[in-house]
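**Q** Next come the chains, spelled out residue by residue.
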Amino acid sequence: MITGLERLMAAIKGEACDRVPVFCNLLDQGAKELGISLEEYYSNGEYVAEAQLKMREKYGHDNVWSLFYVGKEAELLGCKRILFAKDGPPNVEDFVIKSCDDIHKLEIPDDLSAHPAFEEGLKCLRILREEVGGKYPICAYATASMSLPALLMGMDKWMELLFMGPPAECSELLAKCHDFFVKEMFAYRKAGVDVLVYSNPFGSTDIVPRKYFMEHSLPWIEKDIKAVGTQGIVYYCGMAKFNPVIDIVLERTGIGVYYLSPFDDIRKGKETIAGRGLTCGVINDIELIDWSKEEIRHEVKRMMDAGMPGGKFLFGTGVMPYCIPEQNIRTMLEAAYEFGSYEMKMERLHD
Amino acid sequence: MNMAQLITTYNEAVYDTDRDKAIKVIRDAVNNRVSPEEIIFQVIIPAIEQTINHIREDEELSLAQHFMTAQIASDVIEEMLARFETAPKVMGRVVIGTSYGDLHALGKRIVTGCLRARLIEVTDLGVNVSPERFVDEAVAHNAEVIGISSMMIHTARGENGCLKVRQILKERGLDHIKLVVGGAPYRFNPELYKIVQADGWARDGITASRVIADLIAEVKK
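Residue numbers (my numbering), protein chains in the order written: chain A, 1 to 351; chain B, 1 to 221.
Derived DEER-like restraints, expressed as beta-carbon distance ranges:
(1) 290(A) <-> 203(B): 17 to 25 Å
(2) 91(B) <-> 295(A): 36 to 44 Å
(3) 101(A) <-> 187(B): 33 to 41 Å
(4) 302(A) <-> 187(B): 16 to 24 Å
Derived lysine to any residue pairs resembling SDA-like cross-links, with alpha carbons at most 25 Å apart:
(5) 21(B) <-> 53(B)
(6) 194(B) <-> 292(A)
(7) 268(A) <-> 57(B)
(8) 211(A) <-> 24(B)
(9) 211(A) <-> 16(B)
(10) 24(B) <-> 166(A)
(11) 21(B) <-> 214(A)
(12) 194(B) <-> 287(A)
(13) 86(A) <-> 164(B)
(14) 98(A) <-> 124(B)
(15) 21(B) <-> 163(A)
(16) 105(A) <-> 167(A)
(17) 86(A) <-> 195(B)
(18) 86(A) <-> 103(B)
(19) 194(B) <-> 284(A)
Pulled from the structure, derived: some chain A residues nowhere near chain B, Cβ distances all over 10 Å:
(20) 107
(21) 111
(22) 116
(23) 167
(24) 171
(25) 302
(26) 310
Since the hints were made in silico from the structure, they are not lab data. Even for Gly, the Cβ is constructed at its ideal location relative to N, Cα and C.
My request is simple: use the sequences and hints to build the entire structure.
**A** This is the structure:
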């Protein structure tokens with residue numbers, strides 16, 4: 001039987017395989033799976049690992065996640081309050097940085113692995129590695145230097161600092177966030193993570209103008225990637241479009257995997273990558289909540305038709321909302337396995 | 001420099017996210033005897049309208065450019081209003097906030113800046129606002145429109161979001177108050193505003209200011 005890791009590696013290398021690898025990012029659904037609240041669920045790495053394994057078995061997709069919620073990074077940097085919901089992702093409730101002074105005071109822990117907020121994540125990773133290591137890609141999530149400040153001070157305050165200064169504090173914060181990013185990446189690699197999602201909304205021209213991207217975002221992306229290498233790295237802009245910058249990012253960093261926005265044209269993305277890396281087409285999972293069975297199948301087929309020719313393609317989701325009906329998740333995945341089958345495609349061609 | 005050139009030069013600086021340059025363009029114009037009233041009504045508001053048309057007809061501007069459009073317009077308006085001999089007529093009243101359980105402030109800040117530039121009085125309720133508070137504050141401020149910003153799907157369509165605000169408005173016989181929504185989930189599903197029973201929505205904060213201005217005009221008819 002072919003494993004998810006084998007499918008992923010075949011897609012990266014452009015080798016023949018049974019079907020397109022399918023990454024289904026189910027996070028909060030784990031609490032539903034175990035019948036507990038989100039707050040209880042995320043308090044224990046064993047719960048997260050157990051649910052990840054159960055959901056992968058149940059739906060048959062190709063990846064598992066060690067990510068709890070994005071605000072975890074803020075906790076590692078001193079955030080004391082997270083707002084839990086009963087039907088959605090936890091949020092940073094108390095920003096670590098409220099003034100320029102807080103930037104000077106911000107301390108990056110030397111050893112993240114020893115940090116209490118990292119402990120449950122490591123517990124989760126250990127279980128995942130023991131159970132499915134080498135068979136299914138274990139994914140982790142790290143926010144890029146340029147985007148991390150939004151988690152520490154709020155997006156509006158970060159934009160204010162970035163575009164209106166003071167520049168010295170802005171540079172100091174970016175340098176500290178870079179330091180954290182590098183330590184976090186190495187900690188994840190040490191813990192056995194296969195796929196490292198490099199999340200950077202500021203790496204998209206949906207968020208910053210192209211000129212600004214070239215002058216500011218790109219140098220920080222280069223600095224981040226130079227420090228950690230490209231092994232296992234996935235370029236992702238938090239569901240923002242980035243087709244227009246793929247070429248320059250690929251050329252300057254050598255990153256080999258691009259997790260597009262649902263609004264990016266898959267064909268155009270593949271055309272730009274031109275066999276130099278893996279293109280990941282991402283479904284609009286907000287619309288997935290309300291789509292009919294026919295609409296879901298039609299959309300999955302459309303994406304596969306756009307992405308499969310020439311191989312080197314992965315089908316993925318965003319961070320799936322808690323309220324997506326289970327039936328819609330199943331319909332999407334069944335359609336992905338059906339329309340993403342290279343064997344079926346060959347049969348259809350012969351017919 | 002005529003008004004059309006002034007708008008172009010001002011917007012070029014804004015799109016370049018260059019606040020200092022944009023402010024200098026305005027201050028130079030004032031020094032060259034362009035009145036504060038002309039700055040507001042013939043430069044800033046038309047510049048925002050031009051931006052909305054640019055977003056709709058051409059290609060989208062980045063979020064940073066939206067943010068700077070609102071921020072700079074709001075700063076200019078504040079500076080110009082201080083020079084008015086008598087306070088200008090308020091065009092309408094809006095209460096705005098982020099839905100319950102949602103702590104994201106950027107979207108509402110962009111909308112607020114653009115509304116203030118249109119001389120619409122805005123009461124910013126902050127983040128994590130309960131449905132009851134939206135309605136109470138709208139009544140207290142005699143607002144024509146309630147604006148609800150949501151960054152996450154569960155806060156957009158959940159039981160304490162816009163749907164609850166609509167329910168309270170109905171229960172209290174306040175159907176004349178209009179509801180406008182915005183934020184990331186609405187961009188991913190353009191039909192979502194109907195599901196949450198809003199009167200309108202916009203893909204971005206700048207365009208939202210026009211949607212709200214139009215609804216205010218409708219209420220005042």
